[in-house]
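Chemist: Line by line, the protein sequences are chains A and B. According to my numbering, the residues represented by the first sequence are 338 to 724, in order. According to my numbering, the residues represented by the second sequence are 338 to 724, in order.
No lab work stands behind these hints, which were simulated from the structure alone.
Pair by pair, the computed Cβ-Cβ distance ranges are:
# : chain 1 : residue 1 : chain 2 : residue 2 : range
1 : A       : Pro418    : B       : Ala550    : 31 to 37 angstroms
2 : A       : Arg440    : B       : Ser470    : 30 to 36 angstroms
3 : A       : Ser458    : B       : Ser470    : 57 to 63 angstroms
4 : B       : Thr571    : A       : Phe652    : 18 to 24 angstroms
5 : A       : Asp703    : B       : Arg380    : 26 to 32 angstroms
6 : A       : His634    : B       : Lys521    : 56 to 62 angstroms
7 : A       : Arg498    : B       : Glu443    : 32 to 38 angstroms
Beyond 12 angstroms from chain B on every Cβ pair, some chain A residues (computed):
#  : residue
8  : Arg422
9  : Arg520
10 : Glu627
11 : Pro674
12 : Asp699
13 : Arg707
Heads up, the beta-carbon is just placed ideally off N, CA and C, and yes, glycines get one too.
Chain by chain, the residues run as shown.
Protein chains: 2
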Amino acid sequence: MEHDAKHKPWLLIPGPVSICDAVHRAMLEDHSAGEPEMIAALRAARGYLAELANAVGWGTAIPFPGSATYANEAVIRTFVPQGGRLLVHTNGAYGDWLVAMCRRMEMPHEVLRTAPARPPSHDEFCRALTVNSDITHVMMVHVETSSGLINPIEMVAELCRSHRKALLVDAVASFGALPIDMRKLNIEALVLSSNKCVEGPPGLAWVICDRAALDRSAGNASSLSFDLWDQHETVDRTGCFRFTPPTHAIRGAYAALQVHQEEGGSAARLRRYRTNWLRLVGDMRRLGFESLLADAHAAPIVATFHEPHDEHYDFRKMYDGMAANGFIIVPGRLAVPDTFRIGCIGALPEQAMSLAVRTIRDVLNDMGVRRFGPLERRQAETAEQLM
Amino acid sequence: MEHDAKHKPWLLIPGPVSICDAVHRAMLEDHSAGEPEMIAALRAARGYLAELANAVGWGTAIPFPGSATYANEAVIRTFVPQGGRLLVHTNGAYGDWLVAMCRRMEMPHEVLRTAPARPPSHDEFCRALTVNSDITHVMMVHVETSSGLINPIEMVAELCRSHRKALLVDAVASFGALPIDMRKLNIEALVLSSNKCVEGPPGLAWVICDRAALDRSAGNASSLSFDLWDQHETVDRTGCFRFTPPTHAIRGAYAALQVHQEEGGSAARLRRYRTNWLRLVGDMRRLGFESLLADAHAAPIVATFHEPHDEHYDFRKMYDGMAANGFIIVPGRLAVPDTFRIGCIGALPEQAMSLAVRTIRDVLNDMGVRRFGPLERRQAETAEQLM
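Could you put the whole structure together from the sequences, leaning on the hints where they help?
Modeler: Printed below as a string of structure tokens:
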């Protein structure tokens with residue numbers, strides 16, 4: 338199988354992802370944000386995103402330029418009012434960013450840190466909410482990109498409902514594939530990326546939120562740039578952004594959402610990713626690799642594997658060997674040492690996953706690696722460390 | 338003359354600008370930020386920007402995703418320390434954004450507001466600095482995009498030197514064309530866009546700053562996202578961003594900077610823009626239009642014209658007529674009513690300006706407009722209002 342030259346290399350990473358030709362083509366044109374065609378595209382994109390989140394008529398989708406991390410900061414600054422207090426859950430690098438953000442902006446907050454390789458339990462969340470009764474908002478990451486772990490937003494939403502807390506969700510790695518019913522879960526605000534499972538170019542994030550909560554948030558944000566109320570007011574009234582918008586990223590996002598819809602929406606995309614993930618994990622296991630997470634908790638977004646326990650193994654060499662064959666992978670980004678990750682999302686066919694695994698085998702063989710799995714003893718230690 | 342279909346419409350606006358084929362092509366490839374090729378491109382782009390600003394060996398260029406307005410907020414948050422106080426100069430919409438930003442972040446500041454259609458005087462700045470002796474930093478817009486006015490950063494830099502104030506400059510509309518010698522002017526930090534005179538895609542801003550001042554700024558920013566010290570530390574050490582970067586915008590910016598260098602740098606670009614501007618203003622004046630600014634103070638970036646004083650004139654109709662012919666223009670954004678703007682920057686040939694003016698003439702004729710200039714009386718009133 339040959340790569341399409343334009344897609345070379347294939348990005349087997351959890352973002353930026355490989356995007357399809359239709360999205361690339363949309364980025365070939367230069368437009369002003371004020372052109373009727375651009376205003377219509379933005380309106381359609383906002384409407385479709387609200388549909389995906391089951392937020393039509395109740396919520397609103399706000400485009401927000403820059404990294405989705407910015408949008409997370411904007412959500413905290415906009416939705417947690419003066420006198421509010423945030424409970425931040427973390428079990429990985431992306432949860433840790435939320436904590437770091439709160440510290441830097443001096444947002445009153447508590448941290449609920451749970452083990453990195455399993456979902457937080459009902460008890461853990463319940464205890465945190467009971468102990469910190471002055472908490473007004475809870476924020477968590479849906480799929481923790483640093484491991485691929487799915488965090489149980491449904492369970493937390495139920496707890497937030499009974500404890501009367503507002504729920505904020507970083508759905509950057511999950512939105513567009515995993516089902517999220519904002520209205521049913523009563524999620525006050527949710528952050529997603531045009532990249533990741535939406536498969537558009539990076540550089541434009543979105544916030545979908547409860548319209549009533551947004552209306553109450555006027556004047557909360559102690560930052561002009563990060564004021565989602567203000568951004569929404571301008572976008573809703575004029576169809577344009579407050580500041581020069583990333584027009585190519587907007588066109589790319591709109592094209593990507595059209596492709597998403599034509600493919601059959603989030604359910605179809607999840608099926609495709611699951612097919613990729615099953616192929617990847619199955620083939621890797623046949624080689625002797627072991628994955629970090631129990632399958633029940635693993636999102637088909639990115640898979641984390643233990644590194645081979647072999648003196649000849651060297652991640653940098655594996656990266657270079659894969660890159661020379663047109664595949665980009667990423668190291669682990671977790672408290673758990675000696676792991677690496679392979680992404681399953683983006684415009685990648687199932688065959689790309691098989692080819693990637695065969696390439697890993699060949700690259701490791703060339704390196705002199707004979708044993709692909711971790712040592713039994715190491716596994717036991719890691720398992721202990723993870724609990 | 339025909340438009341290249343890919344460039345249709347031509348953007349006669351001060352951003353986003355029309356970009357060239359080489360830049361579009363660079364955006365057709367998907368890459369991970371960690372690939373050696375991407376790291377090398379980012380390093381080269383940073384080096385070239387520092388060269389353009391005469392900041393090599395003294396300063397450093399920091400890529401900053403999102404709108405350049407974000408980067409302005411990041412500069413204020415990063416460079417003005419606890420206990421600092423900012424003097425913000427404004428004479429237009431972009432200066433007003435800086436003021437609004439300071440208000441929202443509760444940054445101690447004073448506002449120096451001067452008339453919109455002439456540069457601020459030495460006396461005005463001198464008085465502001467003398468009256469507010471506790472000022473530590475001055476921030477100003479170099480070219481005020483809402484009018485096209487060039488603000489005298491050289492004069493203010495001299496005052497800042499003698500009053501021992503640090504100078505921060507929003508050079509979004511000028512960098513890449515107008516000469517700016519950061520080292521000679523002792524500008525502590527300067528914001529630019531990959532778009533505008535650099536002619537790359539929008540969505541990636543840059544801050545060039547005095548390295549020593551940056552080193553002193555660690556921990557200043559009360560925002561993780563807007564901490565330039567932190568962004569610089571990661572970019573300098575790893576060649577990557579802290580958060581998922583806008584990879585296509587980075588590739589586009591790098592390609593645009595290569596084109597900029599091949600064209601002959603900022604001086605060559607300024608010559609091209611000046612040719613465009615002279616053609617535009619000359620042709621418009623021959624039709625009877627009058628420009629808002631005295632030529633000596635007008636940047637060849639965007640020209641502001643008084644609207645025709647004719648009962649048949651309607652900006653919306655003129656916009657639509659121009660758009661139907663493949664030209665996008667923008668309304669005025671100024672305290673001065675009844676103006677409109679035409680941009681001269683981007684990948685536009687001189688002939689595009691002539692064609693644009695002929696199209697304006699035809700569109701206005703079709704509309705029944707006979708008189709293209711403003712009334713004498715109105716002019717006199719406006720002149721008074723502007724002083």
